[in-house]
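> So the chains spell out like this:
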Amino acid sequence: DAMVIQNPRYQVTQFGKPVTLSCSQTLNHNVMYWYQQKSSQAPKLLFHYYDKDFNNEADTPDNFQSRRPNTSFCFLDIRSPGLGDAAMYLCATSREDRGSETQYFGPGTRLLVL
Amino acid sequence: QKEVEQDPGPLSVPEGAIVSLNCTYSNSAFQYFMWYRQYSRKGPELLMYTYSSGNKEDGRFTAQVDKSSKYISLFIRDSQPSDSATYLCAMIIQGAQKLVFGQGTRLTINP
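Here the protein sequences line up with chains A and B, keeping their order. Quick note on numbering: this note's numbering labels position 15 of the first sequence as 78, and the sequence is numbered without any gaps. Quick note on numbering: this note's numbering labels position 88 of the second sequence as 89, and the sequence is numbered without any gaps.
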């Protein structure tokens with residue numbers, strides 16, 4: 064089945080220790096998104112790639128970076144995680160010709176910062 | 002004021018009841034409206050999306066949009082314990098990339 068896959072599902076890191084979360088998709092969608100979702104809150108868009116074009120949200124901290132080496136993969140790098148970065152990180156994809164209304168989410172990576 | 006308002010609940014109803022979930026919004030530029038279901042510790046799953054005012058039905062689920070009132074609803078008929086989840090409304094301006102989510106309503110269906 065075509066899907067959005069995130070690894071790892073759970074990630075524990077230490078305060079200040081860089082961490083990378085990965086996302087892959089078999090849907091061949093050209094748009095990929097990273098969201099941060101804290102407990103009992105709505106997902107918050109961090110940035111997205113429209114093909115290779117990177118689009119950063121204005122309020123996304125510089126601590127968060129992303130890479131998209133090809134259509135299928137996208138990475139979220141947190142350079143120096145703080146306690147406030149503990150959250151669920153969601154990857155989503157959509158297809159340009161259908162518009163971004165139909166975004167498909169992965170299962171998420173839950174990040175714990177010690 | 003948030004662009005999208007959604008009562009976080011929690012909402013608890015008996016099995017078999019009709020559930021009504023609602024969101025209001027302030028930006029009249031929103032044109033696409035979605036409902037996502039999110040089980041605990043899982044990613045959101047797209048349930049329904051609509052474009053025009055009116056009703057859209059899919060099995061036990063009905064999505065309703067009233068653009069004049071800036072109000073959307075999701076109705077669940079014959080609710081089941083497996084419907085227990087958080088339901089997020091989301092909306093987007095045509096041509097934009099950014100979904101704007103409501104806070105989500107936590108729903109529990111009691112057997």
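Just so you know, the hints here were simulated from the structure itself, not pulled from any lab data. A couple of the hints might just be wrong.
Taking lysine-lysine pairs in the DSS-like style, the calculated list, with each CA pair at most 30 Å apart, reads [what the hints assert, rightly or not]:
#  : chain 1 : residue 1 : chain 2 : residue 2
1  : B       : K57       : A       : K115
2  : B       : K68       : B       : K57
3  : A       : K101      : B       : K43
4  : A       : K115      : B       : K71
5  : B       : K71       : B       : K3
6  : A       : K80       : A       : K115
7  : B       : K68       : A       : K80
8  : B       : K68       : A       : K115
9  : A       : K107      : B       : K57
10 : B       : K43       : B       : K99
11 : B       : K71       : A       : K80
> Next, verify each hint and record whether it holds.
Status of the hints after comparison with the structure:
1. B:K57 x A:K115: violated (35 Å)
2. B:K68 x B:K57: It holds: about 14 Å lies between the C-alpha atoms, which stays within 30 Å.
3. A:K101 x B:K43: The given pair, whose Cα atoms are some 13 Å apart, holds under the 30 Å limit.
4. A:K115 x B:K71: violated (35 Å)
5. B:K71 x B:K3: holds (13 Å)
6. A:K80 x A:K115: holds (28 Å)
7. B:K68 x A:K80: Violated, at about 47 Å.
8. B:K68 x A:K115: Outside the cut-off at roughly 35 Å; violated.
9. A:K107 x B:K57: Satisfied, since the Cα-Cα distance of roughly 27 Å is no more than 30 Å.
10. B:K43 x B:K99: holds (21 Å)
11. B:K71 x A:K80: Violated, because 45 Å separates the two Cα atoms, which is more than 30 Å.
Hint violations for this structure: numbers 1, 4, 7, 8, 11, all remaining hints satisfied.
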